[in-house]
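2 protein chains.
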Amino acid sequence: MQQETREPQAPVMVLVRPQMGENIGAAARAMLNFGFDRMRIVDPRDGWPNPKAVAMASGAGKVLEGAGLFPDLGAALEDCDRVYATTARGRELVKPVLTPEEAMAEARALSAAGKRVAILFGPERAGLENDDVARANAIVTVPVNPEFYSLNLAQCVLLLSYEWRRQAGAALPHRPVPDLARQIEVDRLGDHLEERLEQAGFFFPASKAAGMKRNLRNMLARWSLTRPEVQTLHGILRQLSRRD
Amino acid sequence: MQQETREPQAPVMVLVRPQMGENIGAAARAMLNFGFDRMRIVDPRDGWPNPKAVAMASGAGKVLEGAGLFPDLGAALEDCDRVYATTARGRELVKPVLTPEEAMAEARALSAAGKRVAILFGPERAGLENDDVARANAIVTVPVNPEFYSLNLAQCVLLLSYEWRRQAGAALPHRPVPDLARQIEVDRLGDHLEERLEQAGFFFPASKAAGMKRNLRNMLARWSLTRPEVQTLHGILRQLSRRD
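Chains as they are written, first to last, in our numbering: chain W, 1 to 244; chain Z, 245 to 488.
Worth double-checking, as some hints may not be accurate.
As the list claims (entries may be wrong) - Just so you have them, the derived chain W footprint on chain Z, three or more residues with Cβ under 8 Å:
| hint | segment |
| --- | --- |
| 1 | 268-280 |
| 2 | 352-360 |
| 3 | 381-389 |
As the list claims (entries may be wrong) - Estimated spans, in silico, between C-beta atoms of each pair:
| hint | chain 1 | residue 1 | chain 2 | residue 2 | range |
| --- | --- | --- | --- | --- | --- |
| 4 | Z | PRO449 | W | ALA112 | 35 to 45 Å |
| 5 | Z | MET456 | W | PRO178 | 15 to 25 Å |
| 6 | Z | ALA299 | W | HIS192 | 52 to 62 Å |
| 7 | Z | PRO449 | W | ASP179 | 44 to 54 Å |
Said to hold, decoys possible - Pairs of lysine-lysine, DSS-like flavour, derived with a Cα cap of 30 Å:
| hint | chain 1 | residue 1 | chain 2 | residue 2 |
| --- | --- | --- | --- | --- |
| 8 | W | LYS115 | Z | LYS339 |
| 9 | W | LYS115 | W | LYS95 |
| 10 | W | LYS213 | W | LYS115 |
| 11 | Z | LYS296 | W | LYS52 |
| 12 | Z | LYS306 | Z | LYS296 |
| 13 | W | LYS213 | W | LYS62 |
| 14 | W | LYS213 | Z | LYS457 |
| 15 | Z | LYS339 | Z | LYS359 |
| 16 | W | LYS115 | W | LYS62 |
| 17 | W | LYS95 | W | LYS208 |
| 18 | W | LYS95 | Z | LYS457 |
| 19 | Z | LYS359 | Z | LYS306 |
Worth flagging that the hints you see were computed from the coordinates, not collected in a lab.
Given the structure is predicted, the values throughout are model-derived calculations rather than measurements.
Don't be surprised by glycine CBs; every beta carbon is placed ideally from N, CA and C.
All chains, please: the whole structure from these sequences, using the hints.
Okay, structure coming up:
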């Protein structure tokens, strides 16, 4: 029992724009196999609730009943401290690319320190978009056969859940845990930065503005900002932009 | 390539009396994700070859083409040195019950020594019978949630294959190395930041200036800045500080 109470809270599994209800249900089953029960669903293609998801989930229906529904990824991540994006494709984004083992080791240490961890899973066909990945602090890639990759959504959820549970046996490494900022705090910092740069005419030419903004968000996510750093950066932005 | 040749030969995956062709195909896909390609099939319910298995296997068809067909489990295991039976149920048989991690660690050591390892997977509905398990040297049980167990055949094959591959060191095929900025570049960025903040009256009161500057340098170091990020930050500083 003592060990039970020390088991850190499992990550939130975030399904981003999932398409088929069956796959949402299968993901719920995959989660519950390893005791995960916190799912968030972002903008599901076929609306919510979804009878096909319920039918497929079967005994894991309570995962769906407790799932949070969000209109966009930003809203789904507001209270999260650390975000991992599962993606198989190489990305031009400069972010740590971790194995499930590395990611879940880190996630367990953070969760044990009271931090809220989220893992993002993309839509079945296309996977996460660059704007989704831009919100993540790190990328998780399952080390599959480079010549054959066919993991589906539920299998990907299953492997991450298994990996978390597997490590429950291992003692947590003692590593210092920074006071990470919540996603909503980082989002607001990003808004503040954009606003100041907009006023200063930074986003030029206009045709490149969207890409520039994504790069800035990416950069903020990559740094894994702490709460004091976010405050410092707000202060710097205010001070540098003063016109008096 | 030298590393390749030292990788021990992957275990044989033995499907015992599988029922649905789709599940055999899905198992082939699960295997090939992690580079497994040696399948044996014992007395499949719907005969062999099975068009539904081929359709489901899709790009993993070569696993099915190379699969051995056997009338009974004894024949399938004749040349094997070590046999693991995957089963979720408790057994009255007195045999070691291993986690996938323990089983694959042992299997890797045996394979590296030239031994042939087999892993048994039972029929979808009922699982392995006691007579099947009696042929195994050890039992493998995935540590699932005791209140919810819903792993299907392909998922079980997937987890064992993943576990084998994970223990190989699980190097990711392509891990991008960020274009980290040199220390001198970070130092110059720090100088630039200080200069702009000095002009803007940020370091106030003067008694705290030294500590504030140290915190800023600390922050820049913690972020492990890339070269493009350093350029971006120089640009932001210039643009925000413009007075025109």
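Hints violated by the structure (numbers, ascending): 2, 7, 8 and 13
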